[in-house]
Amino acid sequence: MPELRKDMLTGRWVIISTERSRRPDDFHSPAPVEIRKENLAFCPFCPGNEAKTPPEVYSIRNDDSEPDQPGWEARVVPNKFPALKPGPLPPRKTRGSYQWMEGVGVHEVVIENPDHGLEMADLPLDHLADIIRIYRQRTVAIEQQFHYQYVQIFKNKGREAGASLSHPHSQIIATPIVPKRVKEEIYGAERLFRNSFRECAICRMLREELQAGERLVFKNDSFVALTPFASRFPFEMAIIPNRHSAFFRQISDEEIVALAEVLKEALSRLKTELSDPPFNLVFHQAPNPQVAEKAWPGIDFYYHWHLEILPILTKVAGFELGTGFYINPMPPESAAEYLRKSEQPRT
Amino acid sequence: MKKILLIEDDLALSLLYEEELKNDGYSVVVAHDADSALELVKNEPFDLIVTDIRMPGKDGIELIANVMGLRKDIPIIINTAYQSYKDDFMTWAADAYIIKSSSLDELKAKIKELIGN
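Residue numbers (the working numbering), protein chains in the order written: chain F, 1 to 347; chain E, 1 to 117.
So here's chain F without its partners, still in its complex pose (with noise of 0.2 angstroms):
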């Protein structure tokens, strides 16, 4: 019997189709596609082609190289044709029945490491920290102008995760409004710790996890990998810190490098059981404290922040876009189980 399945702090509901569901081994990725654009010899986030990209704002680099010079170890540059653009609040207009603004905001590309073909599951431990201190360090930034209300972080890996490049690279984008998915977030974390638990529900969600450990993938001390109750795609995780805070950019050194082993667990996990899918990781954290303490009182309390990786395995279709329901052919306790497993040799 298929279960329908809820998202506790967005009410999104999920179909987990067990009478359909298909063996780990089904969702192998295709070998994968050789980028036609690629077999040629030129990448602009590559060493030697910085004059191709914007000015970086942030650099960790070589002591004796310059900015925009070779020598760097991850570089942040402005998007060269940005989505929005920096500038000052800009005032909400009218046309018609209609609202608008105009586009303003922050496009950065945070280019993870100089070598086109490194991944970032395949990035050593403290490389990949620091792409995560970078993350910290651009959030703070940006946050400190408080008409960027959101901040999101998020990585594209493959063309079918949107992703048009393959040189490893995520992207910043900070927006003037608070997005409305982050909203039924907050809000459903509000609700639930106002009328239900009386407690963080994230908090509350991680200490039945760690018990039942059905969905568990993989923990340190500091941060959980699992496969969500109402996960919408086969193989999506969760990683969630085990210290409760609203706001990524309180991470502390130290568990910038728990959640880099975490991160490279899962990702390495999923990189070798599934052949390598494309794949999204988004950030999920509390909008600009200067408006959110405003706006969502308590939400330090009520509101847990938290990375998602979204395996592209299956295709979205009419029905999930037409309804909001997904269908996930693949238990999130079977995809953990075989996830668990990764670590041991198979036979």
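Think of the hints as simulated: they come from the structure by calculation, not from any bench.
Worth double-checking, as some hints may not be accurate.
[Claimed, not checked] Chain F is faced by these chain E residues, among others (derived, beta-carbon under 8 angstroms):
1. A65
2. P75
3. Y82
4. M90
5. W92
[What the hints assert, rightly or not] Example chain F residues on the side facing chain E (calculated, C-beta under 8 angstroms, incomplete):
6. C46
7. T53
8. K80
9. F81
10. K85
11. Y98
12. A161
13. L165
14. N242
Glycine residues also receive a C-beta, built at the ideal position from the N, C-alpha and C atoms.
Mind docking chain E on chain F? Use the hints.
Frame of chain F; chain E shown alone:
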């Protein structure tokens, strides 16, 4: 005289651009697809490339990547009717991304900024 390579698959548009840019004092060579443009880049020196993106055969993005493999120093202007290609980071190889319009003012200003006249 500065020499521009113009890649545009629409014949009428290419004639219009060619005439306008020649009137501004540039030497203009026109190619209607990426492969013939690449042959030209291999064999002739150009001061600037203006290219469309959506074309039969290789698209402008692939053309740009190929050109960069031959000559990284040549300025490129993308001149397309579509915003959506901005999501493709290979467009960063270009120096400007212009949305086609009935006026050539923006294109002309950008050419002047990049190579003078």
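Hints versus structure:
Among the interface hints, the one on A65(E) holds; its C-beta lies about 4 angstroms from the nearest C-beta in chain F, closer than the 8 angstroms criterion. With a cut of 8 angstroms, the hint placing P75(E) at the interface with chain F is violated, because the nearest CB-to-CB distance is about 11 angstroms. Of the supplied interface hints, the one on Y82(E) is violated, with its beta-carbon coming no nearer than about 12 angstroms to a beta-carbon of chain F, more than 8 angstroms. At its closest, the beta carbon of M90(E) sits 6 angstroms from a beta carbon of chain F; the interface hint therefore holds under the 8 angstroms criterion.
The beta carbon of W92(E) comes within 4 angstroms of a beta carbon in chain F, closer than 8 angstroms, and the hint placing it at the interface holds. A cut of 8 angstroms between beta carbons decides the hint on C46(F): the least distance to chain E is about 11 angstroms, and the hint is violated. Hint on T53(F) holds. Least Cβ distance to chain E is approximately 6 angstroms, under the 8 angstroms limit. Because the closest C-beta pair between K80(F) and chain E is about 5 angstroms apart, less than 8 angstroms, the hint holds.
For the restraint placing F81(F) at the interface with chain E, the shortest Cβ-Cβ distance is roughly 4 angstroms, inside the 8 angstroms limit, so the hint holds. The interface hint given for K85(F) is violated, since its Cβ lies 12 angstroms from the closest Cβ of chain E, which is over the 8 angstroms cut-off. Given the 8 angstroms rule on beta carbons, the hint for Y98(F) is violated: about 20 angstroms separates it from the nearest Cβ of chain E. Evaluation of the A161(F) hint against chain E yields a violated restraint, the C-beta minimum of about 12 angstroms exceeding 8 angstroms.
Given the 8 angstroms rule on beta carbons, the hint for L165(F) holds: about 4 angstroms separates it from the nearest Cβ of chain E. Given the 8 angstroms rule on beta carbons, the hint for N242(F) is violated: about 36 angstroms separates it from the nearest Cβ of chain E.
In the structure shown, a violation is registered for the earlier hints numbered 2, 3, 6, 10, 11, 12, 14, in ascending order.
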